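Take the given structure of chain A and dock chain B with the ligands to it, following the hints.
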Amino acid sequence: MSPTSKFRVNCIVCPMSCYVEVELDGEIRVTGYRCPRGKEWAVQEALSPKRVVVTVLKVKGGDLPVVSVKTDPVPRDKVREVIRELSKVELVPPLRVGQVVAEVDGVKVYVTREVRGGQQTF
Amino acid sequence: MDVVVIGGGPAGLSAAIRAQELGLKVVVVEEGRLGGILPQCIHTGFGLLTYGEDLTGPELAHRLINSYQGEVLRGHAAGLEYSYHRKRVRVITEGGTVTLEAPTVIYAAGARERHAHEIGIVGDRVAGIYTAGEAQALMDLYGVLPGREVVIVGSGDVGLIMARRLSLEGAKVKAVVEMLPYPGGLARNLMILRDFNIPLLLNHRVVEVRGRGRVERVKVVSGSKEEWIKCDTLLVSAGLVPRVKLLRRAGAIIDERTSGPLVNDRLETSLPGIFAAGNSLVINDLVDYAMEQGRIAAEGAEEFIREGGIPSQDWVKVIPGDNVRSVVPQLISPGREVIAYVRPSKPLNDATLTLPNGRVRLGVIKPSEMLRVRVKAEEGGVAHVEIQG
Ligand SMILES: Cc1cc2nc3c(=O)[nH]c(=O)nc-3n(C[C@H](O)[C@H](O)[C@H](O)COP(=O)(O)OP(=O)(O)OC[C@H]3O[C@@H](n4cnc5c(N)ncnc54)[C@H](O)[C@@H]3O)c2cc1C
Ligand code: SF4
Chain A
1 MSPTSKFRVN
11 CIVCPMSCYV
21 EVELDGEIRV
31 TGYRCPRGKE
41 WAVQEALSPK
51 RVVVTVLKVK
61 GGDLPVVSVK
71 TDPVPRDKVR
81 EVIRELSKVE
91 LVPPLRVGQV
101 VAEVDGVKVY
111 VTREVRGGQQ
121 TF
Chain B
1 MDVVVIGGGP
11 AGLSAAIRAQ
21 ELGLKVVVVE
31 EGRLGGILPQ
41 CIHTGFGLLT
51 YGEDLTGPEL
61 AHRLINSYQG
71 EVLRGHAAGL
81 EYSYHRKRVR
91 VITEGGTVTL
101 EAPTVIYAAG
111 ARERHAHEIG
121 IVGDRVAGIY
131 TAGEAQALMD
141 LYGVLPGREV
151 VIVGSGDVGL
161 IMARRLSLEG
171 AKVKAVVEML
181 PYPGGLARNL
191 MILRDFNIPL
201 LLNHRVVEVR
211 GRGRVERVKV
221 VSGSKEEWIK
231 CDTLLVSAGL
241 VPRVKLLRRA
251 GAIIDERTSG
261 PLVNDRLETS
271 LPGIFAAGNS
281 LVINDLVDYA
291 MEQGRIAAEG
301 AEEFIREGGI
311 PSQDWVKVIP
321 GDNVRSVVPQ
331 LISPGREVIA
341 YVRPSKPLND
351 ATLTLPNGRV
361 RLGVIKPSEM
371 LRVRVKAEEG
381 GVAHVEIQG
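Chain order of the listed sequences is A and B.
Residues 1 to 122 (this note's numbering) are what the first sequence spells out, left to right.
Residues 1 to 389 (this note's numbering) are what the second sequence spells out, left to right.
Chain A with its partners taken away, still in its complex shape:
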């Protein structure tokens, strides 16, 4: 983002969906928000947006060929790299919800679905 640009976004923190503008001319000016949570979110979104990445990892010997996982919030421009790294991972059961199964550049990856060894889990 160039330092003189104006960033416009609909706040997604609550259903009011305020249309927030963030000016980044040296000092940061924010307009359009109706509460501090929205202001903070919009500034973060303008300067360094982060995303939780969700994907599936291969599982050998599970109930299904893959298991769903999620990461800690990752800077948006690193999302593809994280996905690429994770495509190399293969897991074996048992896997528990919340279990950390990989780490990419310090970003933890958690299992979100239970996989018991060789059994149907749901």
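If you're looking for bench data, these hints aren't it; they were derived computationally from the structure.
No experiment lies behind these values; they were computed from the predicted model shown.
Careful, some of the hints might be misleading.
[Said to hold, decoys possible] Sample of chain A residues at the chain B side, in silico, Cβ under 7 Å: (1) Ile12; (2) Val13; (3) Ser17; (4) Asp63; (5) Val66; (6) Lys70; (7) Gln99; (8) Val100.
The beta-carbon is built from N, C-alpha and C at its ideal position, and this holds for glycine as well.
Only chain B with the ligands this time, still in chain A's reference frame:
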């Protein structure tokens, strides 16, 4: 048995958990996976209102499955017979047909997706045409990428979420095509188009598919303009329709506006003792509301058993007015504060909702975001619900 719950998705499981808390003996009938659609919705955005935590679909399913310790019957509920004190549910299981009997039934069978032919898409019958939910199951349960170059029909949440999943896994989403002049999804999902630079074609329709064996191109029209987009996959995300076949056959009245059953404030259908919840009652964009409906239905079932029926009364009829597509429940008890779900019919920027018990300032509203409100109406007559822009 006190209550048979048909469908083990979030609505059905929430109903079963609540019914058990209230001391009822419950059986859940499920033909597929417990958790319903949740195990294949691997994204976050679930349960924020219920738990104050942003869970993924599989995590929420895990929570619900762990909190329900009761009986589950694996099989397809194929028949529902009504009489005031006894309902019979015929279930086709691996071991043969089983008939369950109980004074109450909670119907939570979810919704089905609209297919390409239902939205007027013609052309070659080729491989590579999926509903968004089918593509989601392929990718996120079975690890199979449905295609490389994809056009998505419909800008609702399901379509947008699949646009992100496909882009991240290396497919190219060439366009999201939306018939209406405004996008359909929740604001947080519209961010996806921005994140991945995906073109959104508003006021456009996909009308034709061509290919030999597999999709090769689709025709997109807007007014008198038309163009062909090359792609190998067409994803249809054209909305959900409540699954009400069993209810309709049993004789329940279906509301034209929701395509789900007409219900009173206990979420009891026009067949006393048969309740409905979740996406087979009304399409819910938030799982929290589907779960809440499950709990309300369970409380209704408990009352039905305790009182020998929901007390009959001079129901107040809810009338959807300006800018309101639908309201659930359609009948409410006079003098009782109840929860209602209101679907706006168009986007408005500074909206105010008028209820029999007052006005609510809403701010920005969209058809994709169902409103949840508390309604109270006095005896006699009707309750008007309308939205001013
Ligand atoms: C792709 C997608 C993404 C979504 N994303 C979000 C989100 O981010 N946040 C959010 O809050 N909500 C989201 N939702 C909405 C939410 O998932 C739904 O509101 C919720 O799943 C509805 O629950 P349900 O129990 O009514 O239906 P379902 O989850 O569809 O469950 C119905 C169950 O009934 C079973 N069944 C049906 N018929 C029979 C029968 N005859 N016999 C036996 N069993 C039967 C089915 O197998 C299924 O398991 C999303 C929905 C979709 C489709
Ligand atoms: S700025 Fe505040 S009030 Fe407005 S949408 Fe964001 S969180 Fe809601």
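These are the hints, each one checked on the structure:
1. Ile12: holds, 4 Å
2. Val13: Constraint on valine 13 of chain A not satisfied, violated at 9 Å.
3. Ser17: holds, 4 Å
4. Asp63: Since chain B brings no Cβ nearer than about 10 Å to aspartate 63 of chain A, farther than 7 Å, the hint is violated.
5. Val66: holds, 4 Å
6. Lys70: holds, 6 Å
7. Gln99: Not OK, violated: glutamine 99 of chain A not within 7 Å of chain B, min 12 Å.
8. Val100: This interface hint is violated because 14 Å lies over the 7 Å limit.
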